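Protein chains: 2
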Amino acid sequence: MEQQPSSQPARSRRPSGRDAKIAARTARSHAFVPYITRQIPYYEVLGTEGLELLEHNADTILEEIGIDFRDDAESLQLWKAAGADVRGERVRFPRGMCRTIVQRSAPREFTQYARNPAHNVVIGGNRTVFAPAYGSPFVRSLDEGRRYARIEDFRNFVKLTYMATSLHHSGGTICEPVDLPVNKRHFDMVYSHIKYSDKPYMGSVTHPERARDTIEMTRILFGDAFTDPLTGKPRTCIISLINANSPLTWDATMLGALKAYARANQATIVTPFILAGAMSPVTVAGTAAQTLAESLAGMALAQLVNPGAPVVLGSFASSLSMQSGAPTFGTPEPALVLYVMAALARRLGVPFRSGGSLCSPRVSAG
Amino acid sequence: MEQQPSSQPARSRRPSGRDAKIAARTARSHAFVPYITRQIPYYEVLGTEGLELLEHNADTILEEIGIDFRDDAESLQLWKAAGADVRGERVRFPRGMCRTIVQRSAPREFTQYARNPAHNVVIGGNRTVFAPAYGSPFVRSLDEGRRYARIEDFRNFVKLTYMATSLHHSGGTICEPVDLPVNKRHFDMVYSHIKYSDKPYMGSVTHPERARDTIEMTRILFGDAFTDPLTGKPRTCIISLINANSPLTWDATMLGALKAYARANQATIVTPFILAGAMSPVTVAGTAAQTLAESLAGMALAQLVNPGAPVVLGSFASSLSMQSGAPTFGTPEPALVLYVMAALARRLGVPFRSGGSLCSPRVSAG
Numbered sequence: 084m085e086q087q088p089s090s091q092p093a094r095s096r097r098p099s100g101r102d103a104k105i106a107a108r109t110a111r112s113h114a115f116v117p118y119i120t121r122q123i124p125y126y127e128v129l130g131t132e133g134l135e136l137l138e139h140n141a142d143t144i145l146e147e148i149g150i151d152f153r154d155d156a157e158s159l160q161l162w163k164a165a166g167a168d169v170r171g172e173r174v175r176f177p178r179g180m181c182r183t184i185v186q187r188s189a190p191r192e193f194t195q196y197a198r199n200p201a202h203n204v205v206i207g208g209n210r211t212v213f214a215p216a217y218g219s220p221f222v223r224s225l226d227e228g229r230r231y232a233r234i235e236d237f238r239n240f241v242k243l244t245y246m247a248t249s250l251h252h253s254g255g256t257i258c259e260p261v262d263l264p265v266n267k268r269h270f271d272m273v274y275s276h277i278k279y280s281d282k283p284y285m286g287s288v289t290h291p292e293r294a295r296d297t298i299e300m301t302r303i304l305f306g307d308a309f310t311d312p313l314t315g316k317p318r319t320c321i322i323s324l325i326n327a328n329s330p331l332t333w334d335a336t337m338l339g340a341l342k343a344y345a346r347a348n349q350a351t352i353v354t355p356f357i358l359a360g361a362m363s364p365v366t367v368a369g370t371a372a373q374t375l376a377e378s379l380a381g382m383a384l385a386q387l388v389n390p391g392a393p394v395v396l397g398s399f400a401s402s403l404s405m406q407s408g409a410p411t412f413g414t415p416e417p418a419l420v421l422y423v424m425a426a427l428a429r430r431l432g433v434p435f436r437s438g439g440s441l442c443s444p445r446v447s448a449g
Numbered sequence: 084m085e086q087q088p089s090s091q092p093a094r095s096r097r098p099s100g101r102d103a104k105i106a107a108r109t110a111r112s113h114a115f116v117p118y119i120t121r122q123i124p125y126y127e128v129l130g131t132e133g134l135e136l137l138e139h140n141a142d143t144i145l146e147e148i149g150i151d152f153r154d155d156a157e158s159l160q161l162w163k164a165a166g167a168d169v170r171g172e173r174v175r176f177p178r179g180m181c182r183t184i185v186q187r188s189a190p191r192e193f194t195q196y197a198r199n200p201a202h203n204v205v206i207g208g209n210r211t212v213f214a215p216a217y218g219s220p221f222v223r224s225l226d227e228g229r230r231y232a233r234i235e236d237f238r239n240f241v242k243l244t245y246m247a248t249s250l251h252h253s254g255g256t257i258c259e260p261v262d263l264p265v266n267k268r269h270f271d272m273v274y275s276h277i278k279y280s281d282k283p284y285m286g287s288v289t290h291p292e293r294a295r296d297t298i299e300m301t302r303i304l305f306g307d308a309f310t311d312p313l314t315g316k317p318r319t320c321i322i323s324l325i326n327a328n329s330p331l332t333w334d335a336t337m338l339g340a341l342k343a344y345a346r347a348n349q350a351t352i353v354t355p356f357i358l359a360g361a362m363s364p365v366t367v368a369g370t371a372a373q374t375l376a377e378s379l380a381g382m383a384l385a386q387l388v389n390p391g392a393p394v395v396l397g398s399f400a401s402s403l404s405m406q407s408g409a410p411t412f413g414t415p416e417p418a419l420v421l422y423v424m425a426a427l428a429r430r431l432g433v434p435f436r437s438g439g440s441l442c443s444p445r446v447s448a449g
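Residue numbers (our numbering), protein chains in the order written: chain A, 84 to 449; chain B, 84 to 449.
Next up, chain A with everything else stripped away, as it sits in the complex (with noise of 0.2 angstroms):
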């Protein structure tokens, strides 16, 4: 990011417009703030009483209905050894064993490191760190409306979130580039976002292979950089996105991405996507519950394969039309939702991620 200041200049020549505009470039780019520090107080919609009662039913639902996790016979074999009552795919955890499993070992807070050193993010406390949206199939531009996006839309999302000042974080799936093939995609991904961009960045989680590469890739990206010299442990340089297949059931594609970042010590954001009406009650309180129960046996899992490997309680909420059955955005109770579930994260002790402003315009403004 630095001028290399030539000490042989090929002529010499006197300041031009030029100079200037790169002098003033140069110095907009130091204005860069690598994350919010909150100075203003939470917005607390439930009382102790409330958040208590939350937890209690969280727990109800994992000790008597349980959790599934499918597919995958090592989740299964460590619920087992951490004493937990598994039947068949059907996990269920005593009364607390997933808090306490959380708060031996995950951290408060943690810092993501980037290429670039001054966009090294502190994730949890009083911090906030914003990053683009995730996901999107579509892209729409003015020439040819909504169509499905490709790497180079990819690329030119890594490349406008690397100048917003405002995001700072490159994010993940920024959108699907559909016109690489599934099992390659990935490699163009993560390549985007380490060639285009020095913000931190996410990792792919469509197969344990494919986190297994995005860690891969990110170690010869940092190189010596990437082991900590104090504690001889891989430093926190990839977050991902593991989300639930709701309800109360994990999958073996996330789990063994989970398994492989928490291994390398890489964060992961535990977060069950919920479309409340189909995939969990319709109220408030039942989304809430059943998300805080999904992400505790989530995060506690990731704690059981690599105690300390950074967690984050993730939670995507939106609410079905049940006229309908579509999704709907920029209601109230999401919003709800999100304000519960971020304050249940802050009394377990860890950061918290979710969407959130969601607004409903005719267009929505994404």
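Keep in mind that the hints were calculated from the coordinates and are not lab data.
Be careful, since some hints might not be right.
Here are some of the chain A residues that sit facing chain B, going by a computed Cβ distance under 10 angstroms [to be verified]:
no., residue
1, Pro124
2, Tyr125
3, Val128
4, Gly130
5, Leu419
If you want the ones that stay clear, here's a sample from chain A, every Cβ over 12 angstroms from chain B, calculated [stated by the list, open to error]:
no., residue
6, Phe115
7, His139
8, Thr143
9, Glu147
10, Glu172
11, Pro177
12, His290
13, Asp311
14, Val365
15, Ala409
All values derive from a computational prediction rather than experimental measurement.
No residue lacks a Cβ here, since even glycine has one placed at the ideal position from N, Cα and C.
Assemble chain B onto chain A, guided by the hints.
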């Protein structure tokens, strides 16, 4: 709104699909909720210390700089009699004077009566009353795009608002019908609210005479019900938007309307309309202190005219692009001003009104 049962049906017939539809419509109208009673807590962005500082600063503005009351000898006379320091059209207020006047007689909450008593709204306390947008000169339609509004649009918006169960109030200048001459426009606007809705409405404020016309039309509409038989005083059947001419100025038009409504025991929303950076300091704190000062002076004047006349502390704040001078919407600062002003209104003990939840889609959802 009720189906009048006909004792002598024109001809005997079996219930038709049309009957079923009418019955369903009638049942729906009974599901109407006249206003929201909030169960969720306030979001307090400032503690007591911060709010006290803003109140102190507002008092400093009122005491040292003062407020202009332009072209309105009666207002100046009222202030002089109340003990303010009046020099020319500039009025300066001893510390705490405006607050004391407001707190002495302004109601903490009040009922605005509607033609249909089921649509009466309680304004203040933990109630939220939703009203449609106010003052748009333009409308947008699929056929015609963006164009100036006409009285036919006004009528249509009143009808749509009447049908919308989530809007508890018919609003006022729901759009500006520019096809009618200004000096007679208010008759058609108020009449539209009276004819096409039975929800509560807002009055004309563009001239004191037009405020008096609004009161007279409302008196005709309500008939005997306009007067409270217990007190012999007019019921509050109109609420009207009184905008300060920020910074620090009240003009004769708004003062005349304010006094006309206050004398008739009708409610006023005393609202500095501020584009921060042009009409107030660019900071949240400066804008909040100025808004409080201007609003306090206006509400206190209403109490001097008629102690006990309902007043609402209003705040409209937006920011200005310091690059282009254009108003900007959906930025964080006005949201903070809104939260702070609502907290200041609660401390003062009057209801609060604002717009809000503005976002920045490419096409405003208004």
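Evaluation of the provided hints:
1. Pro124: 6 angstroms, holds
2. Tyr125: 9 angstroms, holds
3. Val128: 5 angstroms, holds
4. Gly130: Holds: closest Cβ of chain B sits about 8 angstroms from Gly130/A, inside 10 angstroms.
5. Leu419: OK, holds: Leu419/A within 10 angstroms of chain B, min 8 angstroms.
6. Phe115: About 18 angstroms separates Phe115/A from the closest Cβ of chain B, which puts it past 12 angstroms; holds.
7. His139: At about 21 angstroms from chain B, His139/A clears the 12 angstroms cut-off, so the statement holds.
8. Thr143: Correct as stated: the minimum Cβ-Cβ distance to chain B is 24 angstroms, above 12 angstroms.
9. Glu147: Glu147/A is indeed farther than 12 angstroms from all Cβ atoms of chain B, at 29 angstroms.
10. Glu172: 39 angstroms, holds
11. Pro177: Non-interface label stands for Pro177/A: nearest chain B Cβ at 34 angstroms, farther than 12 angstroms.
12. His290: At roughly 36 angstroms from the nearest Cβ of chain B, His290/A sits farther out than 12 angstroms, so the non-interface label holds.
13. Asp311: Consistent with the label, Asp311/A stays out of reach of chain B, its closest Cβ about 36 angstroms off (over 12 angstroms).
14. Val365: Holds, since 18 angstroms exceeds 12 angstroms.
15. Ala409: At about 18 angstroms from chain B, Ala409/A clears the 12 angstroms cut-off, so the statement holds.
When held up to the earlier numbered hints, the structure conflicts with none and fits them all.
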